[in-house]
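Model the placement of chain B on the given structure of chain A, informed by the hints.
Protein chains: 2
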Amino acid sequence: MEYETIQLAHGSGGRLSAELVSRFFLPRFGNETLNRLEDQAVVDFPQGRLALTTDSFVVDPLFFPGGDIGDLAINGTVNDVCMSGATPLYLAAAFIIEEGLPMVTLHRILLSMEKAAKSAGVQIVTGDTKVVNRGCCDKLFITTTGVGRVPAEANISAANLQAGDTIILSGSIGDHGMAILTSREGLSFASRVQSDTAALNGLVARMLQASPIIHAMRDPTRGGLATTLNEFATASGVGIVLQEAAIPVRPEVRGACEVLGIDPMYVANEGKLVAVVPGEVAGTVVAAMRSHPLGREAAIIGEVVAENRGMVVMRNALGAQRIVDMPVGEQLPRIC
Amino acid sequence: MEYETIQLAHGSGGRLSAELVSRFFLPRFGNETLNRLEDQAVVDFPQGRLALTTDSFVVDPLFFPGGDIGDLAINGTVNDVCMSGATPLYLAAAFIIEEGLPMVTLHRILLSMEKAAKSAGVQIVTGDTKVVNRGCCDKLFITTTGVGRVPAEANISAANLQAGDTIILSGSIGDHGMAILTSREGLSFASRVQSDTAALNGLVARMLQASPIIHAMRDPTRGGLATTLNEFATASGVGIVLQEAAIPVRPEVRGACEVLGIDPMYVANEGKLVAVVPGEVAGTVVAAMRSHPLGREAAIIGEVVAENRGMVVMRNALGAQRIVDMPVGEQLPRIC
Numbered sequence: 158m159e160y161e162t163i164q165l166a167h168g169s170g171g172r173l174s175a176e177l178v179s180r181f182f183l184p185r186f187g188n189e190t191l192n193r194l195e196d197q198a199v200v201d202f203p204q205g206r207l208a209l210t211t212d213s214f215v216v217d218p219l220f221f222p223g224g225d226i227g228d229l230a231i232n233g234t235v236n237d238v239c240m241s242g243a244t245p246l247y248l249a250a251a252f253i254i255e256e257g258l259p260m261v262t263l264h265r266i267l268l269s270m271e272k273a274a275k276s277a278g279v280q281i282v283t284g285d286t287k288v289v290n291r292g293c294c295d296k297l298f299i300t301t302t303g304v305g306r307v308p309a310e311a312n313i314s315a316a317n318l319q320a321g322d323t324i325i326l327s328g329s330i331g332d333h334g335m336a337i338l339t340s341r342e343g344l345s346f347a348s349r350v351q352s353d354t355a356a357l358n359g360l361v362a363r364m365l366q367a368s369p370i371i372h373a374m375r376d377p378t379r380g381g382l383a384t385t386l387n388e389f390a391t392a393s394g395v396g397i398v399l400q401e402a403a404i405p406v407r408p409e410v411r412g413a414c415e416v417l418g419i420d421p422m423y424v425a426n427e428g429k430l431v432a433v434v435p436g437e438v439a440g441t442v443v444a445a446m447r448s449h450p451l452g453r454e455a456a457i458i459g460e461v462v463a464e465n466r467g468m469v470v471m472r473n474a475l476g477a478q479r480i481v482d483m484p485v486g487e488q489l490p491r492i493c
Numbered sequence: 158m159e160y161e162t163i164q165l166a167h168g169s170g171g172r173l174s175a176e177l178v179s180r181f182f183l184p185r186f187g188n189e190t191l192n193r194l195e196d197q198a199v200v201d202f203p204q205g206r207l208a209l210t211t212d213s214f215v216v217d218p219l220f221f222p223g224g225d226i227g228d229l230a231i232n233g234t235v236n237d238v239c240m241s242g243a244t245p246l247y248l249a250a251a252f253i254i255e256e257g258l259p260m261v262t263l264h265r266i267l268l269s270m271e272k273a274a275k276s277a278g279v280q281i282v283t284g285d286t287k288v289v290n291r292g293c294c295d296k297l298f299i300t301t302t303g304v305g306r307v308p309a310e311a312n313i314s315a316a317n318l319q320a321g322d323t324i325i326l327s328g329s330i331g332d333h334g335m336a337i338l339t340s341r342e343g344l345s346f347a348s349r350v351q352s353d354t355a356a357l358n359g360l361v362a363r364m365l366q367a368s369p370i371i372h373a374m375r376d377p378t379r380g381g382l383a384t385t386l387n388e389f390a391t392a393s394g395v396g397i398v399l400q401e402a403a404i405p406v407r408p409e410v411r412g413a414c415e416v417l418g419i420d421p422m423y424v425a426n427e428g429k430l431v432a433v434v435p436g437e438v439a440g441t442v443v444a445a446m447r448s449h450p451l452g453r454e455a456a457i458i459g460e461v462v463a464e465n466r467g468m469v470v471m472r473n474a475l476g477a478q479r480i481v482d483m484p485v486g487e488q489l490p491r492i493c
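Respectively, the protein sequence lines represent chains A and B.
Residue numbering for the first sequence follows the working numbering, starting at 158 and increasing by one per position.
Residue numbering for the second sequence follows the working numbering, starting at 158 and increasing by one per position.
Any given hint could turn out to be false.
What the hints assert, rightly or not - Quick partial rundown of chain B residues pointing at chain A, CB under 10 Å, derived from the structure: (1) SER169; (2) GLY170; (3) THR210; (4) ALA251; (5) ILE253; (6) VAL288; (7) THR302; (8) VAL307; (9) ALA315; (10) GLU388; (11) ILE492.
Unchecked claim - Each computed SDA-like pair below joins lysine to any residue, with the alpha-carbon atoms no more than 25 Å apart: (12) A:LYS275 / B:ARG206; (13) B:LYS296 / A:GLY257; (14) A:LYS296 / A:ARG185; (15) B:LYS296 / A:VAL485; (16) A:LYS296 / B:GLU255; (17) B:LYS275 / B:LEU183; (18) B:LYS296 / A:GLN164; (19) B:LYS296 / A:PRO259; (20) A:LYS296 / B:PRO218; (21) B:LYS296 / A:LEU219; (22) B:LYS296 / A:GLU256; (23) A:LYS296 / B:VAL485; (24) A:LYS296 / B:GLN164; (25) B:LYS275 / A:ARG206; (26) A:LYS296 / B:PRO259; (27) A:LYS296 / B:ARG491; (28) B:LYS296 / A:PRO218; (29) A:LYS296 / B:GLY292; (30) A:LYS296 / B:LEU165; (31) B:LYS296 / A:ASN290; (32) A:LYS296 / A:THR262; (33) A:LYS296 / B:LYS296; (34) A:LYS296 / B:ASP295; (35) A:LYS296 / B:ASP217; (36) A:LYS275 / A:ASN192; (37) A:LYS275 / A:PRO222; (38) B:LYS296 / A:ASP295; (39) B:LYS275 / B:THR244; (40) B:LYS296 / A:GLY292.
These aren't lab readings, by the way, just hints derived from the structure by calculation.
Please read all numbers here as calculations on a predicted model, not as lab measurements.
Cβ atoms here follow ideal geometry from the backbone N, Cα and C, with glycine treated the same way.
Okay, chain A solo, but in the shape it has when bound (with noise of 0.2 Å):
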């Protein structure tokens, strides 16, 4: 029996589970160890320093303008990996799916996942699925956690900010969040905002070329730039001052925030990173990134200080400054 909906008994362990694994995710992620189908993947890993990360993703809605919940989840936890300088190499995947979720509904989303762990090179070697009923989960949850191998240089933190360090943006702000935002609300004016949802592993693996001391790098996603900006002058214990007219933000999403009334700093990116690097190697590696798609509009937006430890100061082209504070309140929810 073919079923068109999501039924709880896909969840339970017997044969409507196995038959969804085999008929939807196999012929997706299939490779030689997920195929085993044991409850756990063995696989090989080389010496050295392992990078662990997991996040669970429950963007509301599941497709919006420039991605879906699927390329998301595989390209936020490549990111989240490949930020310490780990190569990644395996990702494990969980899906949480309500009762009565259209099968042609997953079916797109695990195609999207398909094309972007084939995209960023990584493999799915393991996964689980549970059904929850009717009106227990929004549609679908996705789970995804990465693991890569970090090279022996690699030293990558956001306590190792120092005073005369160069901060490095590698493109607009801002374009997730108010993909998601304005497909939500149905703002029609900004139907031209677009997820920045890419996996950064390629970009990454360019500048540790250029350059293999990064002090600090991150994907600023939930939160924004300035959130995670934030962060680093807190773990550092150092000041951060940044020049507004070097951050790049698209204007369709700078005309969609001030309709709104958002600030692009604490808005959401996915396929964005921030990274400090010191002074003397920053022209290097803005070069090396320009030289990669993910990269082309990587620029210098502001520097490491010694005073004002813990805080992020924005100064305007005038000369004006003002504090770049953490978010307090919910800006957005479930935007990732």
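Chain B in isolation, oriented as in the chain A frame:
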């Protein structure tokens, strides 16, 4: 400001997220790696093979006789790692929390996770928290991912069964599933039924000391022992013959199953394992298991045969036979 319940802003990545982590998560799970609060954990890993497993826990109710979603999420993932013969080392934990969850509830569950992780000897090294609007998930879902090191000599797989092998069960079946079901339905006659949730890595280590050769091993969770053995028979292309009288079922579990018309062979366990070993080492392995608190009732329950490929057959005390098939429909949703 102190909140008594989870707010959407606790998941925003801003100040309230940081407070939730520092006041609730770090005091419970804190270790050198987690305390760094990077977006990924970087940990040492010895050369060799790595076991990776992930599971989402959506159990309803959150608290049940014998355990809660917290220890279940730790033990379930530790068990999936160690069933490969691996030593569990690191865990990642991702939380999807419904807006309005009382902080005291979260705190109780985190305490339980802390205790279970310590007891199993694993560290939670990275995590994630998402908050979804009221009505968009049912209180709390936890996805745990486990990483372990597989010893070079281990070769444990559902596909490794051979005719002549012996099937060993570590203890009574049906406890967890019936504890959930009877507590959910408020069946007071079954009040003594307790979940068997437990971490089995200590038991597995003792088994591997007794015999480095174990052909297959799994914890029969969703779908129960019947499903696990059917998966073994199918993956290895062999038949399995069970002796019904040898399979331990607690009287209170048997009683509840009879009243509800449920076969304990299909009911989930969360602290039991089934192992398939060469006939000649079975006695040694059972003796080793019985020396461990979680294996005191270990018993030989059947054998692997060349006939009836892909099938599991149950023999009762009178010699009558019946086929134990894969479950088709949903028996107990949200059991783990």
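Hint by hint, here is what the structure shows:
Hint status for B:SER169 relative to chain A: holds, with the closest Cβ pair at about 5 Å, below 10 Å. At about 3 Å, the closest approach between the beta carbon of B:GLY170 and any beta carbon in chain A falls short of 10 Å, and the interface hint on this residue holds. Hint status for B:THR210: holds, given a least beta-carbon distance of 4 Å to chain A, under 10 Å. At a threshold of 10 Å, the smallest CB-CB gap from B:ALA251 to chain A is about 4 Å, leaving the interface hint in force.
Interface hint at B:ILE253: satisfied, since its Cβ lies 5 Å from the closest Cβ of chain A, which is below the 10 Å cut-off. With a cut of 10 Å, the hint placing B:VAL288 at the interface with chain A holds, because the nearest CB-to-CB distance is about 7 Å. Given the 10 Å rule on beta carbons, the hint for B:THR302 holds: about 4 Å separates it from the nearest Cβ of chain A. A cut of 10 Å between beta carbons decides the hint on B:VAL307: the least distance to chain A is about 5 Å, and the hint holds.
Because the smallest distance between the Cβ of B:ALA315 and any Cβ of chain A comes to about 6 Å, under 10 Å, the interface hint for this residue holds. For B:GLU388, the suggested interface contact is upheld, since its CB lies about 8 Å from the closest CB of chain A, less than 10 Å. Here the hint on B:ILE492 is kept, as its CB sits about 8 Å from the closest CB of chain A, short of 10 Å. With a CA separation close to 23 Å, the supplied pair A:LYS275 and B:ARG206 stays within the 25 Å bound.
In summary, the hint linking B:LYS296 to A:GLY257 is supported, as the alpha carbons are separated by about 20 Å, within the 25 Å threshold. For the hint linking A:LYS296 to A:ARG185, the alpha-carbon distance of about 20 Å falls within 25 Å, and the restraint holds. Simply put, B:LYS296 and A:VAL485 have alpha-carbon atoms about 23 Å apart, close enough for the 25 Å limit, and the pair holds. A hinted pair counts as satisfied when its Cα atoms are at most 25 Å apart, and A:LYS296 with B:GLU255 qualifies at roughly 14 Å.
Taken as a hint, the B:LYS275 and B:LEU183 pair is honoured in the structure, with Cα atoms around 14 Å apart against an allowance of 25 Å. Restraint check: the Cα-Cα separation between B:LYS296 and A:GLN164 comes to about 21 Å, which is no more than 25 Å; the hinted pair holds. For the hint pairing B:LYS296 with A:PRO259, the CA-to-CA distance comes to about 24 Å; that is within 25 Å, so the pair holds. A threshold of 25 Å between alpha carbons decides the hint, and for A:LYS296 with B:PRO218 the separation of about 20 Å falls inside it, so the pair holds.
Under the criterion of a C-alpha separation no larger than 25 Å, the hint pairing B:LYS296 with A:LEU219 is consistent with the structure, at around 21 Å. Using a Cα cut-off of 25 Å, the hinted pair B:LYS296 and A:GLU256 holds, with the two alpha carbons roughly 17 Å apart. Taking the CA atoms of A:LYS296 and B:VAL485, the gap is about 23 Å. The hint holds against a cut of 25 Å. Pair hint A:LYS296 plus B:GLN164 holds up; C-alpha atoms about 21 Å apart against a cutoff of 25 Å.
Restraint check: the Cα-Cα separation between B:LYS275 and A:ARG206 comes to about 23 Å, which is no more than 25 Å; the hinted pair holds. Pair hint A:LYS296 plus B:PRO259 holds up; C-alpha atoms about 24 Å apart against a cutoff of 25 Å. Distance restraint check for A:LYS296 and B:ARG491: the Cα-Cα separation of roughly 16 Å lies within the 25 Å cut-off, and the hinted pair is therefore satisfied. Taking the CA atoms of B:LYS296 and A:PRO218, the gap is near 20 Å; set against the 25 Å cutoff, the hint holds.
Proximity of A:LYS296 to B:GLY292 is assessed by CA-CA distance (about 12 Å); at most 25 Å being required, the pair is judged to hold. For a cut-off of 25 Å, the pair hint linking A:LYS296 to B:LEU165 stands: about 19 Å separates their Cα positions. This hinted pair checks out: B:LYS296 and A:ASN290 have alpha carbons roughly 13 Å apart, not beyond 25 Å. For the proposed pair A:LYS296 and A:THR262, the alpha carbon gap of about 10 Å is at most 25 Å, so the pair holds.
The suggested pairing of A:LYS296 with B:LYS296 holds, with an alpha-carbon distance near 15 Å, which does not exceed 25 Å. For the proposed pair A:LYS296 and B:ASP295, the alpha carbon gap of about 12 Å is at most 25 Å, so the pair holds. Pair hint A:LYS296 plus B:ASP217 holds up; C-alpha atoms about 18 Å apart against a cutoff of 25 Å. Between the alpha carbons of A:LYS275 and A:ASN192 the distance comes to roughly 17 Å, so the proposed pair stays at or under 25 Å and holds.
With a CA separation close to 21 Å, the supplied pair A:LYS275 and A:PRO222 stays within the 25 Å bound. Using a Cα cut-off of 25 Å, the hinted pair B:LYS296 and A:ASP295 holds, with the two alpha carbons roughly 12 Å apart. Taken as a hint, the B:LYS275 and B:THR244 pair is honoured in the structure, with Cα atoms around 14 Å apart against an allowance of 25 Å. Between the alpha carbons of B:LYS296 and A:GLY292 the distance comes to roughly 12 Å, so the proposed pair stays at or under 25 Å and holds.
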